[in-house]
Amino acid sequence: MTHRKTAALLSIIPGVGQFYNKQFIKGFAFIFLAACYFIAFLDFLNIGLWGIVTLGTEVPRDHSIFLLVNGVISLLVVGIGLGFYFFNFYDAYQNGKKRDNGVRLSSLKEQYHNVIDKGFPYLMVGPGFLLLIFVVIFPIIFMLLLAFTNYNLYNSPPAKLVDWVGFKNFIEIFSLDIWRETFISVFAWTIIWTFTATTLQVAIGIFLAVVLNQKEIKFKGVIRTLLILPWAVPAFVSILIFSGLFNDTFGAINKDLLAPLGIDSIPWLTDPFYTKIALIFIQSWLGFPFIMAMTTGVLQSIPGELYEAATVDGASNWDKFRKITLPMILFTTAPILITQYTFNFNNFNVIYLFNNGGPAVAEQNAGGTDILISWIYNLTMTSAQYSKAAAVTVLLSLIIVSLALWQFRKTKSFKDEGMI
Amino acid sequence: MSIKTAKRIRLTLSYLVLLSAVAIVIYPIIWVIGSSFNPGNTLSSSTIIPENATLAHYKKLFTETDYLIWYWNTLKICFITMVLSVIFIGLTAYAFSRYKFVGRKNGLMLFLILQMIPQFVAILAIYILAFQVGLLDTHLALILVYVGGLIPMNTYLAKNYYDTIPKELDESARIDGAGHFRIFWQIILPLSKPILAVIALFSFISPFADFILASILISSDEKMTLAVGLFNMIKNEFGNSFTVFAAGSVLIAIPIGLLFLSLQRYFISGLTAGGTKG
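Here the protein sequences line up with chains V and F, keeping their order. Residue numbers for the first sequence, in this note's numbering: 1 to 420. Residue numbers for the second sequence, in this note's numbering: 1 to 278.
Hints are computed from structural coordinates only; laboratory data are not their basis.
Reference excerpt, derived from the structure (chain F facing chain V, CB under 7 Å, subset only):
| no. | residue |
| --- | --- |
| 1 | 25 |
| 2 | 28 |
| 3 | 43 |
| 4 | 95 |
| 5 | 114 |
| 6 | 125 |
| 7 | 148 |
| 8 | 249 |
Only pairs whose alpha carbons sit at most 20 Å apart, straight line, appear in this in silico SDA-like list of lysine to any residue:
| no. | chain 1 | residue 1 | chain 2 | residue 2 |
| --- | --- | --- | --- | --- |
| 9 | F | 7 | V | 210 |
| 10 | F | 223 | F | 69 |
| 11 | V | 215 | F | 19 |
| 12 | F | 100 | V | 123 |
| 13 | V | 255 | F | 25 |
| 14 | V | 98 | V | 25 |
| 15 | V | 218 | F | 12 |
| 16 | V | 323 | V | 307 |
| 17 | V | 218 | F | 19 |
| 18 | V | 118 | V | 94 |
| 19 | V | 118 | F | 100 |
| 20 | V | 218 | F | 17 |
| 21 | V | 323 | V | 309 |
| 22 | F | 100 | F | 179 |
Output of the computed footprint for chain V on chain F, the stretches with three or more beta carbons under 8 Å from beta carbons of chain V:
| no. | segment |
| --- | --- |
| 23 | 87 to 94 |
| 24 | 126 to 134 |
| 25 | 210 to 221 |
| 26 | 256 to 266 |
Quantities reported herein were computed from a predicted structural model and do not represent experimental measurements. We treat Cβ as the ideally placed atom computed from N, Cα and C, and that holds for glycine.
Bound conformation, chain F alone (with noise of 0.2 Å):
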């Protein structure tokens, strides 16, 4: 057998490897797009290219279902937890970073160990503390539940960061009288801006996914998030609206897919400079 060809079956195998993949991974989207223009409501009915193409179940999603409300509440929940832990983190990290204090070295050892356990594991107890606390579905008791969340992990991510902006730029300044606070905001916070993007990444996305906080402490129908909102409306009645799910689902994957793809390579370099969770 000749190098030429042996190179042309590596070649020929590697294509249909490649487009197998790409089979594999296209079809429940593609699937999951002809079914919300599908003129059923149910999944039997449900084909990969619909005949008599429908917008009814996109009609129905806004006009009959708490769709918009649930979009509107997730994107608002996202944002608010993405700016404040942005600033809780960001603070917290510096000091970690820049001072030697008490209690330091046991509290990088206490962040490190509750990064590990999943914060759900205590459901209950925090579904007890917003009751006791009367913030039971409310969508604060949800926020301030995600930003306690993320703050180990990431301060982490940003206290390694922090670690290689070099020490004599905080020396230079204070020498020329620049206050502790001057000093973070002017010089550190601007060098540091790639990793706080980051940070800013994983703030918005990590609630947007997240099912199991959602589904205990918001149980009224108007305050409910997408991911629960969703899948109630699947569960509850799966024969009769799958259709209108699957119109559902093209409208929350097309934006956030884009949005993610646009923005992929920030999560590579965050998630290898953390190195510590997937």
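Looking at chain V on its own, in the form it has when it is part of the complex (with noise of 0.2 Å):
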């Protein structure tokens, strides 16, 4: 048998390989870690394991989320756990072919600035790496199993015990009416908002740097100064200030605004429809700042010759603005403009901070200007609907990460990294 087989095989206990390869220190270290490994974290993964399984079997001792936490930290354990078990395999496996093919072994020395070397990048990943598995990738994989739970304000610990149930929830949220309506209505607005909202900032934010920047246009500094301020103000106090803007009995706009003009008070937090209209209006406004300003960028770099030669050739303004000007902006921020879409896909402080997702809408469990994103947050924090709304999470993820990965399957710095 060849050193390189028996050492991987010896490895079967981590250590040995290394022992075989008379690499001792390295093997004992090995061990060691093993040990503490298994000291550590057998019961805790005995118990996790177990957890994650059953969900507790005896109320009130088990606690079916806790051990479902329990469970998510055990598997990430294991995980780390088998990742050192394979390295052990590869490095008894590694030295036992140098040792076949009459290679010399490094020294301990030598092994220590290999670990150096290799470790640097480990090293510095690890802190930002490890920070990103508690508090970005534990949440998903959690929201991802509760979703083939049963988890709800009826069904919740300490009082009951919580059961896996298969895709009960994605069938329930197809299936039942209310929820089937909901979810139809609710993903049918999301589309609707992210696309108007999105194109209408994209539209005026051009045509305004377009018109701003004609060379006899006077105080162009001023003025695009003062058009820039929606983006310059926190969001969050802007969509406040236009929640009270639009109040129907005493906001300045049904009062100050068309009163005069002897239009009737408009039931803009009543009434979905026109919702949906101050909802675009204001995102509108609040995103078509950042759009100009890059915009503006362009126009600036775009070679003046251009133009001069479309003049000789006797193009007229609108054809050079169709011809030219245009293709250029749309050529160079495309990436962003898209950004754009996905942010407003997800823009949850509008939604919520303006009226709550309502006004509330018969005959479904969503307000009437909710959003996928906003829908979640009623049904877990308002609604307690905890397992249904991870279902809808995981829905919502699908959709953005497989449009956003056929996005991205176009752009270069994906393809010179050889990625996709």
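Build the complex from these two chains, which are given one at a time in their own frames, with help from the hints.
Listed below in structure tokens is the structure:
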């Protein structure tokens, strides 16, 4: 039998393969680490893995949700352990291979330098990655699992146990009338909202930038600064101010602007249709300055000769805009314009802070202007439909990730990395 | 129609468009400033130009609400988040840009996917986790969550920038005997100041603008941030403290607005450089 196979085989017990390769210190280190791992985590893993499978068997001793949390952490710990175990095999095999080929093994000092060299990137990535595991990856895995349980207001610890229910939540969202209708109407409005609000803010931004950038216009700097204000003021402040301005009875829009024109009060906050109009207006107000500022940068970089040549050829201003300006803008800013759409798809703040996703609508369990993300928030925080909220979250994430991956396939930086 | 008249019409229309845009942009801002000086308490008494202007609401804001504490909390959280983010992101991105290591590709892919899923979809899990480790209703929890959430996207931003710094610089330093950390500290870091400034800006502003995470993790009044505090002020007693809210808004909008206007070009350069998220 070759050294590499023997060493790898012996590594079933971590460290023994290294002993076989006569790397005693490394062998001791591996055995020591493995022992520490088992001593420290065995009980925790035992309970954790039992918990994630059963979600508890006895009330009130077992708290299903905490068991699930510990279960997910156990899975992460097991993952780290398996990674180490795999490395132990790999190391024994590689060194065995060197012996088979008659290559001298590295001395301890060389190994030490090797570890420092190879380990440096891990050292740098480590702290950030650890934080990422706990505050981003862990919560996502937890929500994913929660979507397959029956955790809700009536079925929640410590009084009751939570159980695995398979795809029941997903099936119910599409089969129970109230859920299906709510999901479809919320989803439809999310799409309409994303499309209208974003397109409008982009169009206004580009239009104003082009108008402002004509060379005869005076006071450019002042006007530009004034127009950028909505971007400069924190959005949550502006949205809350707008919820006052649009107030049905006392708001300045009805009272000071529309009343003098003889227009009756418009139910901005109580009629879903008008709330939607108001929201789209507010988002355009909030969103156009960024597009305008960015477009201005592009406009200033378009060489003047292009326009002169076009003038010589007898092109009108409209022709110049359509054939030179617009393609230039769209070409250079396309990736950012796309991210504006994904931003609005998840634009919780404007929907929630303006009118809590309301007004309420009969026969569905979401407000009239709720988008998916604010619906999830309300399902969790107000109606305690935790597992349903998790299921909607999973659907939402699937939509976003597949759309975004599709978009990123096209971008250059990823082709360079050779990743997709 | 002569060319001159056409031009005059075009310019008149242009000024009209710009003027109305400015009016629409300015109106809510003027209105809220006016309201904050208005003698009454309610929304209905708010007018753009107040008669008998008063500073009473500002006084009330400082004496009867926790506004100053919220302001301090927010600035503190934003500042710590900024410092930690820049450190973590600077280091992580450097490793991804300069080293070939096992897991690098998968790590980048993971970051790409994570930056698309908004962090707050998992609010419930974050809440339970904070509860279990005893960090509920602490600023530490909020800061950790913010920093973690900022890592994926901004790491890309920094990595793309590091990639443009020639590798020959590192190599010649290595030949001269500089260690890994020294190369990072003395060569890469000074050259990457612009992108780190942009990341610092982003990581200061995004906790400032956050409502959802702060509203879930923080429950006691004296620990709230501005977004949550003002929201509660306006929703709990809409009719009777609108003018105080207006005063509070003005005191946020003016300093932050000025800060933003002076740094605005960095935002644009950062966002166009990243091209991954709005």
